[in-house]
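Undergrad: Here's the letter readout for the chains.
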Amino acid sequence: MDHLDKLEHQSIFIIREAFNKIDRLAMLWSVGKDSQTILWLARKAFCGHVPFPCVFMETSFDMPELIELRDKLTKEWKLNLVIARNDEALAQGMNHKLGRVTCCSALLKENLKKIVEKEKYGGLIVGVRRDEDPTRAKERYFSPRDKHMEWNVEDQPPELWDQFNTDLAGGTHLRVHPLLHWTEMNIWEYAQRESIPNVQLYFAKGGKRYRSLGCVPCTFSIDSHADTYEKIREELRTTTKSERSVRAQDQESEDAFEKLRRDGYM
Amino acid sequence: MQSTEQLKIVIVGHVDHGKSTFVGRLFHDTKSLPDGKVEKIKAACERRGVPFEWAFLMDGLQAERDQNITIETAQIWFRTPKRQYVIIDAPGHKEFLKNMITGAANAEAALLLIDATEGVQEQSRRHGYLLHLLGIRQIAVLVNKMDLKGYSEEVFRNIEKEYRAFLKQLGVEPKLFIPISAYHGENIATRSKQMPWYTGPAVLEQLDTFEVAQPQQNLPLRFPVQDVYRFDERRILAGRIESGTLKVGDKLLFSPRNKVSVVKSIETWPTGGRTEAKAGESVGVTLTEQIYVERGQVASHETDAPIETDVFNAKLFWLGRQNLEVGRKVKLKLTTTEMECQIQSIQKLIDASTLQEIDPKTRPYIARNDVAEITVRTKNPVAFDNYDHIVPTGRFVIVDGRQVCGGGIISKGEYPDRRDVLSGIKSTNIFWTKGEVTRDARERRNKHKGGVIWLTGLSGAGKSTIATELERELFQMGLHTYVLDGDNVRHGLSANLGFAPEDRTENIRRVAEVAKLFADAGVLVITAFISPYRDDRRLARSIMKEGDFVEVYVNAPVEVCEQRDPKGLYKKARAGEIKNFTGVNAPYEAPEKPELVIHTDRQTVSESAAGIIDYLKLQHIDQDFAI
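Residue numbers (this note's numbering), protein chains in the order written: chain A, 1 to 266; chain B, 1001 to 1627.
For the record, the hints were derived by calculation from the structure and aren't laboratory data. Small disclaimer: the values here were computed from a predicted structure and weren't measured. Backbone N, C-alpha and C fix where the C-beta goes; we use that ideal spot for every residue, glycine too. It cannot be assumed that every hint is accurate.
Derived EDC-like pairs: lysine to aspartate or glutamate, alpha-carbon spacing no greater than 20 Å straight-line [stated by the list, open to error]:
hint, chain 1, residue 1, chain 2, residue 2
1, A, 21, B, 1211
2, A, 6, B, 1276
3, B, 1329, A, 167
4, A, 21, B, 1294
5, B, 1082, A, 235
6, A, 6, B, 1029
7, A, 75, B, 1232
8, A, 118, A, 76
9, B, 1315, A, 162
10, A, 78, B, 1232
11, B, 1278, A, 2
12, A, 205, A, 227
13, B, 1082, A, 162
14, A, 21, B, 1108
15, B, 1331, A, 167
16, B, 1008, A, 167
17, A, 6, B, 1211
18, B, 1278, A, 162
19, B, 1331, A, 162
20, A, 6, B, 1108
21, A, 241, B, 1029
Here chain B is said to cover these stretches of chain A; the calculated rule only asks that three of the stretch's residues, wherever they fall, bring their Cβ under 8 Å from a Cβ of chain B [claimed, not checked]:
hint, stretch
22, 14-20
23, 33-47
Beyond 12 Å from chain B on every Cβ pair, some chain A residues (computed) [stated by the list, open to error]:
hint, residue
24, 1
25, 51
26, 69
27, 73
28, 87
29, 119
30, 172
31, 185
Starting from the given sequences, assemble the full structure and let the hints guide the process.
TA: What follows is the structure, given as structure tokens:
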């Protein structure tokens, strides 16, 4: 087994465990490279099927390319697409100019909380990776959130030998992180090996490419000539910039992202 | 594609022995830090008015920066020209042992830091012991802060000598001791010029010699069923092959139910047609014959099947806030099996913080941060292997109050395999006469022990009434039970006997022999006979297996019995119509040491029956089986 096989089979094991243990399981599907990987792994885990809803958090500032791919795959792969949008906040004119963190809180965090409550999801599969950010580095594969969606990072139960904490108290839901042990490099190595469909935004065009995708106003492209998988991997080997440095909301304060995550952000 | 092999390492050590500094330095020296990270932290330090520390690189969370301790297990990456490393950062603060264990349990190698200025500390010993318990065999010990000891070889050698001796007791052989200064980067990426007396490799060189763990493809097949899918016409058993190899056409034995079927296909997406799958792979399998299989069963080949039993020995470390008492019911998770279990006994108890042994007789529970050698009893048989044989099926966790609170590894041992009881299929571990249904097997199916409750006492003392009540109660509890009394014995089995002393003796002998057969058949048999002679009862007791015979003296004064006289026998005896009537014209030898005495002049029938049931419960007549 090479390292990609190891990563793949471990993630499939986690996804299957989530499906077996969690009533009303759903996955957050941003159509970005990480959630595309999860979707692919899910189809492997369930022999071609995706037996849970794919929740897309629509902010109205979404990248059109993502929406396009979303709708194409929903049809082709017969996905159960659930679109979540905080219409209330949008009607009141919420946008990033009111503060990037404020906007993220309303259109993503609050939006997520509402859809979880409405659909009574018992668990959400989320594509976070430990290498993205120090706060994500502290995650567990199965991470409980209380009824306020809060993450009690100081007192997480241990995860031993792939035995996850799946017995939940009422009011809690589980975040499941099948890609926790992957790196950005692994994502691209695997995408190439498996030919996973991804938006072209990740590949350089006119000297620019996106490394991480969020909303249009808050995501910056980077200077790059990496227009192939090989070049992306080569770029990652030498870069000293962090992946989320292109996400404006993280840069607002020293611990902006940490605060968002404690309160239930992905 | 260039290899991005990963090795998972854990770094442990006493709090303040410089772990975070070491890791920060390692990152800096391997150029694994993003641009501006050091500057960012330097700026943050200035704002807070604290001196710059390499440790801050590791600290992602506000709380850590505030408290200056690393709280959670974090994973971070760095690379050498050879491969990528994942550091599972395991904090050393005593409060956070569970995070260290979580981290260490997933690691393939360990670096253990000891502060040269403080020497071997309590936690140094504890961490060494836990690494050993968690099965980590690739260990290097780093003696840090050598700069503060003038890079003294003597200091280093003394620490090495002391700690090596300690590890040796545990049977641990560290690969290497390396003197370092994390703060100054000595012996981290390159060999130190400050310590020419040390000729071994620097830390990074040593790391590159450790080996990446590989799934065990050459061991016997273990395929624990994780789920059964019916998304379409296929019925797919999903699971991860924990060891061995599985091929289309293989005959699979599913433990613990011991059903057999043949692999029809290995289901994969997007392309199918696989004929073989190996350890480490999460696969889907269909069978030729649709036997009933569910999550928790373990598929193996028929030869070299796992052990299947409900009692085993293990080493357990406990992280739960609540103590784990002997006999308390908790949940065992072993691969995909979940099963109610309890600690049957504690053989050895060690406080992991002091490594002091505690006498389990004086403290019959396992407390937080204890390590214990225990016997576990599960409600029903489970399939497993010795940890030394097959690692993934040889370890388990205990769930208490919805949380994983402890982990255990199953000790080497010869376990009585229960497989044959159910199926007659032979495993390699035991030799059981094929086809013979043993008493043990019957008791296990009945979920209680067999035995004889021997009621003795005068006529009219209440034996038959109590026997009837007791039988009804036991029957309602789900136990297999039957009453032998004068009514069903005297008319058949002993129809040719009278009441002369020799006839009574023979009658009791026959009853005892029949009762013994009942007990052997797994039944809880109740006998209700006057059985007046001690010798006769002694004989009855002697033919039973020890512990099977429960002598209950149904005691009521003869006057009370005579007053009751339910069958008018006392009257007839007094009138001289019955000879050899016990209590009137024949002796009754009261038991000297009965297991139980019931005073029917003071206790009601229900109370009497309840008294006997309480006694039986104390003897674990049902608990050993039906927990």
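Undergrad: All hints are to be evaluated individually against the structure, with a verdict given for each.
TA: Status of each hint after checking the structure:
no. : hint           : result
1   : A:21 x B:1211  : violated, 34 Å
2   : A:6 x B:1276   : holds, 17 Å
3   : B:1329 x A:167 : holds, 16 Å
4   : A:21 x B:1294  : holds, 14 Å
5   : B:1082 x A:235 : holds, 19 Å
6   : A:6 x B:1029   : violated, 28 Å
7   : A:75 x B:1232  : holds, 19 Å
8   : A:118 x A:76   : violated, 27 Å
9   : B:1315 x A:162 : holds, 19 Å
10  : A:78 x B:1232  : holds, 14 Å
11  : B:1278 x A:2   : holds, 13 Å
12  : A:205 x A:227  : holds, 7 Å
13  : B:1082 x A:162 : violated, 28 Å
14  : A:21 x B:1108  : violated, 28 Å
15  : B:1331 x A:167 : holds, 11 Å
16  : B:1008 x A:167 : violated, 28 Å
17  : A:6 x B:1211   : holds, 15 Å
18  : B:1278 x A:162 : holds, 18 Å
19  : B:1331 x A:162 : holds, 16 Å
20  : A:6 x B:1108   : holds, 14 Å
21  : A:241 x B:1029 : holds, 17 Å
22  : 14-20          : holds (count 4)
23  : 33-47          : holds (count 5)
24  : 1              : violated, 5 Å
25  : 51             : violated, 6 Å
26  : 69             : holds, 18 Å
27  : 73             : holds, 14 Å
28  : 87             : holds, 33 Å
29  : 119            : holds, 21 Å
30  : 172            : violated, 10 Å
31  : 185            : violated, 6 Å
Violated hints, in rising order: 1, 6, 8, 13, 14, 16, 24, 25, 30, 31; the structure is consistent with all others.
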